[in-house]
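With the hints in hand, could you dock these two chains into one complex?
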Amino acid sequence: MGLSTINPLFLDSTKPIGDKVVTNVELLGLTLEPGDSVYFEVSDHYGFVQRFVMQKIETKKSIRFNAEVWLKYQHQIQYRFSVVSEGKERMTSASKEILAGHVISEKWEPCTDPTPKIKKDRRPQRPSGAPPEIKKTTGKLLNEPGFFDQLKALFD
Amino acid sequence: MGNVVSFINQKGGVAKTTTAINVAAQWAKEGKKVLLIDLDPQSSATRAIFGDMDFEDTIYDVLTSEIEASQAVVQSETFGFDVIPSEIMLSGIEIILASKFGRESILKRGLAEVKEQYDIVIIDCSPSLGLLTVNALIASKDIVIPICPEYFSLKGIDLILETLKHIHVGLGHKVEVRGIIISKYRNRRIIEQVINDLKTKYTIPVFNNYIPESIVVEEAHHRHLPMHEYSPKNPAGMALANLATEMWA
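Those protein sequence lines, which keep their order, are chains X and B.
Under this note's numbering, the first residue of the first sequence is numbered 1, with each subsequent residue one higher.
Under this note's numbering, the first residue of the second sequence is numbered 1001, with each subsequent residue one higher.
Bear in mind the hints are in silico, worked out from the structure with no lab data behind them.
Just so you know, not all the hints are guaranteed correct.
Derived pair list, reagent style DSBU-like, types lysine-lysine, alpha-carbon separation capped at 30 angstroms [claimed, not checked]: (1) Lys107/X with Lys1141/B; (2) Lys1029/B with Lys107/X; (3) Lys1165/B with Lys15/X; (4) Lys20/X with Lys1108/B.
Non-contacting residues of chain B with respect to chain X, defined by C-beta distances greater than 12 angstroms in every case (computed) [what the hints assert, rightly or not]: (5) Gly1002; (6) Lys1033; (7) Phe1101; (8) Glu1104; (9) Ala1112; (10) Asp1119; (11) Gly1130; (12) Val1134; (13) His1166; (14) Glu1176; (15) Arg1189; (16) Ile1191; (17) Leu1198; (18) Glu1213; (19) Trp1248.
Here are some chain B residues the structure puts well away from chain X; computed CB gaps all over 10 angstroms [what the hints assert, rightly or not]: (20) Arg1047; (21) Ile1093; (22) Leu1131; (23) Gly1156; (24) Leu1171; (25) Ile1190; (26) Thr1203; (27) Val1216; (28) Glu1218; (29) Glu1229.
We treat Cβ as the ideally placed atom computed from N, Cα and C, and that holds for glycine.
Chain B with its partners taken away, still in its complex shape (with noise of 0.2 angstroms):
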């Protein structure tokens, strides 16, 4: 119970947020209890599931400790699961955070009491390095990466494992990374290419289900439907599902 793992990857585009909504959702329908955190002050999460709804407690004022975390859970009927929404004030919230005593694990304070509600929680983070990654990596057990191996550079994963690297040395935190997910993948050829790179450099597992890129996806993205409810028998809809169900072995 209360496990918190975090979807990370300083580079946007890599469908980051699109693996989260979908596993979570995957994960809720398999019957497990899943609360989503959308840490990106763009709120790419948020919109996905809820359009453009506006909410009056957020992530924002878990952080500045204003509310207690479960007063800002909304419930998502049409994903199945929970979801402490973003808002754009949060762009603005590092400097805020960073005079404050602990202000590395604000976030796992403030998460301690509601994760235990869970079986799992997630945290979308932004594709950026600062003070909200840092939270989100100290709040965590593990994480995964999502990678696009199109635009694939293992400069981008050498900069996490640094930034654990340094997470651990300098704030005694230790973080595993439970995978890499490939994913809006186009040409098969590079996949294998990529992960010949991967293997060869680091010991990091790849998860088998590798996601296509498909347009579908931004289809069930603008309707704020899971891809197992919008269009299951798609390509990417299904190894999304397959993704949910390797991720919780």
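So here's chain X without its partners, still in its complex pose (with noise of 0.2 angstroms):
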């Protein structure tokens, strides 16, 4: 589900937009080596990253982790999970966003981007004294082909 808006009907009307909801993050099909945890983590928009490590539960048909996390309900997150051994990552997801809601249910996926850190929301930055640059556009039409034609045909 993407950040595109969602439809109404699917808000929670109980919950205001920004209202803090406790999310359930459940993460299936993955099968962890021993001595290696799994951990969520989250960023909002202002950059503010949580890590949280993830429940193994385990069932007679499957195995899956969980967590619960109190988000901000619709406001916009990214989130990733990484596989640590020895406090080192040693495989992660690709880093995902979207609107908070209840819940969050994802297909363990490694991801094989290097570093596909969650970034943090910058602005970007102009060099300070520099005046802003005009684009000319004028001296490239000139040279365009067809474009005498075309004027030629105006008057025609």
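Here it is, written out as structure tokens:
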């Protein structure tokens, strides 16, 4: 589910946007080596990052990892899962952006990007003292093929 | 006690009401205490059971909190189960409910007490996705999806599953799919194709009793009788009875 506007039918009318909710986070399809832990890493739009260790829940048919985290309802968040071994990150999933809801349920998919860290929101920096650049396109137009023919067609 | 199951498909004409009322009738015949809620503003289930009878208290009044659900319950001696009927006013209810706090769970709260008096509650939904259907899903433990194989489209199933996912994430309520009902079939070969497509793409079970298309079903509707009474030996009637047994297991 992407960041695009959610259908209001699926908005919890008992929760004002920004109200804190307990979000159940579930990760399926992951097998850990002995000594490994899996973490849920989440950041809000201010760039504040939180990390939660996930608990293993094993049933007869499946193994899943769970965490309960407090998030702000319908606020933009970025999250990913990471497998840690002896204090070092061994594998990680790709970062995803969503609007926070009651549930995050994912199937484990390790990311091949070597540096899939959660990005902080940054504004583009302009060099100080430099005037804004005015783009000139007229010179280029004169060199465009067919430009004179188009001008001529306007006057015919 | 008090399990709630919704019959849902956003596509109309797939025999949702027919299967809902006949499955309910079969369960009632087998001694189960059944409540059927007609959540369709077109009142298809209400008309099929009661004909042109008008009711003062309907599901509309329950949803607008004018009355308790138990006050709207009407018994059908012919079908053997209880009904909360619908009415055309239901078509305008979404505007009334839209601004209400907890608008998505009004039906669930309304049924909280009355459902404990029944073994099962069936909700016959309208063929649309709106606040009424969302209320049905929030009130339900699981759903069944009748489909018509001749006009089958995987997109319809995708839409329903997408809706369930949105409800899980946005509203925190998980609804299971009990299974898919194949109804109004004419060609056995098409069913095999449809089942193949379903098995390839989904893990949703398909009930083994398929309901053939039959004009006798329409006749039963016009006579306001369940199939097990109107034409028990008709193949569609027998399939509906067997489907009910299969669904209860």
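Here is how each hint holds up against the structure:
1. Taking the CA atoms of Lys107/X and Lys1141/B, the gap is about 24 angstroms. The hint holds against a cut of 30 angstroms.
2. A threshold of 30 angstroms between alpha carbons decides the hint, and for Lys1029/B with Lys107/X the separation of about 44 angstroms lies outside it, so the pair is violated.
3. Taking the CA atoms of Lys1165/B and Lys15/X, the gap is about 19 angstroms. The hint holds against a cut of 30 angstroms.
4. As the CA atoms of Lys20/X and Lys1108/B are separated by approximately 24 angstroms, the hinted pair is consistent with the 30 angstroms bound.
5. Every C-beta of chain X lies more than 12 angstroms from that of Gly1002/B, the closest at about 23 angstroms, which supports listing it as non-interface.
6. Its beta-carbon lying about 32 angstroms from the closest one in chain X, Lys1033/B satisfies the requirement of being farther than 12 angstroms from that chain.
7. Annotated as non-interface, Phe1101/B brings its C-beta within 12 angstroms of a C-beta of chain X; the closest such distance is 6 angstroms.
8. In this structure Glu1104/B is not separated from chain X by more than 12 angstroms, as the shortest Cβ-Cβ distance comes to only about 6 angstroms.
9. Even its closest Cβ contact with chain X, about 16 angstroms, leaves Ala1112/B beyond 12 angstroms, as expected for a residue assigned away from the interface.
10. For Asp1119/B, the shortest C-beta to C-beta distance to chain X comes to about 28 angstroms, beyond the 12 angstroms cut-off, and the non-interface label holds.
11. A Cβ of chain X approaches the Cβ of Gly1130/B within 12 angstroms, the least distance being about 7 angstroms, so the stated non-interface status is violated.
12. Distance check for Val1134/B against chain X: the nearest CB is about 5 angstroms away, which does not clear 12 angstroms, and the non-interface claim fails.
13. Chain X draws His1166/B into its interface by the beta-carbon criterion, the shortest separation being 4 angstroms against a cut-off of 12 angstroms.
14. The Cβ of Glu1176/B sits about 14 angstroms from the closest Cβ of chain X, beyond the 12 angstroms cut-off, so the non-interface label holds.
15. Its beta-carbon lying about 34 angstroms from the closest one in chain X, Arg1189/B satisfies the requirement of being farther than 12 angstroms from that chain.
16. At the 12 angstroms boundary, the C-beta of Ile1191/B stays outside the reach of chain X, the nearest C-beta of that chain being 29 angstroms off.
17. Taking the minimum C-beta to C-beta distance to chain X, about 21 angstroms, the non-interface status of Leu1198/B holds against the 12 angstroms cut.
18. Once the 12 angstroms rule is applied to beta carbons, Glu1213/B is consistent with being away from chain X; the minimum gap is 33 angstroms.
19. For Trp1248/B, the non-interface assignment is confirmed: its Cβ lies about 23 angstroms from the closest Cβ of chain X, beyond the 12 angstroms cut-off.
20. Consistency note on Arg1047/B: stated as away from chain X, and its beta-carbon is indeed over 10 angstroms from all of that chain's, at 27 angstroms minimum.
21. Even its closest Cβ contact with chain X, about 14 angstroms, leaves Ile1093/B beyond 10 angstroms, as expected for a residue assigned away from the interface.
22. Taking the minimum C-beta to C-beta distance to chain X, about 6 angstroms, the non-interface status of Leu1131/B is violated against the 10 angstroms cut.
23. Even its closest Cβ contact with chain X, about 18 angstroms, leaves Gly1156/B beyond 10 angstroms, as expected for a residue assigned away from the interface.
24. Not every beta carbon of chain X lies more than 10 angstroms from that of Leu1171/B, the smallest distance being close to 5 angstroms; the non-interface claim is violated.
25. The non-interface label for Ile1190/B is consistent with chain X: the shortest C-beta to C-beta separation is roughly 33 angstroms, beyond 10 angstroms.
26. For Thr1203/B, the non-interface assignment is confirmed: its Cβ lies about 12 angstroms from the closest Cβ of chain X, beyond the 10 angstroms cut-off.
27. Distance to chain X confirms Val1216/B as a non-interface residue, since its nearest Cβ pair spans about 38 angstroms, more than 10 angstroms.
28. Every CB of chain X is more than 10 angstroms from the CB of Glu1218/B (nearest about 33 angstroms), matching its label as outside the interface.
29. Every C-beta of chain X lies more than 10 angstroms from that of Glu1229/B, the closest at about 39 angstroms, which supports listing it as non-interface.
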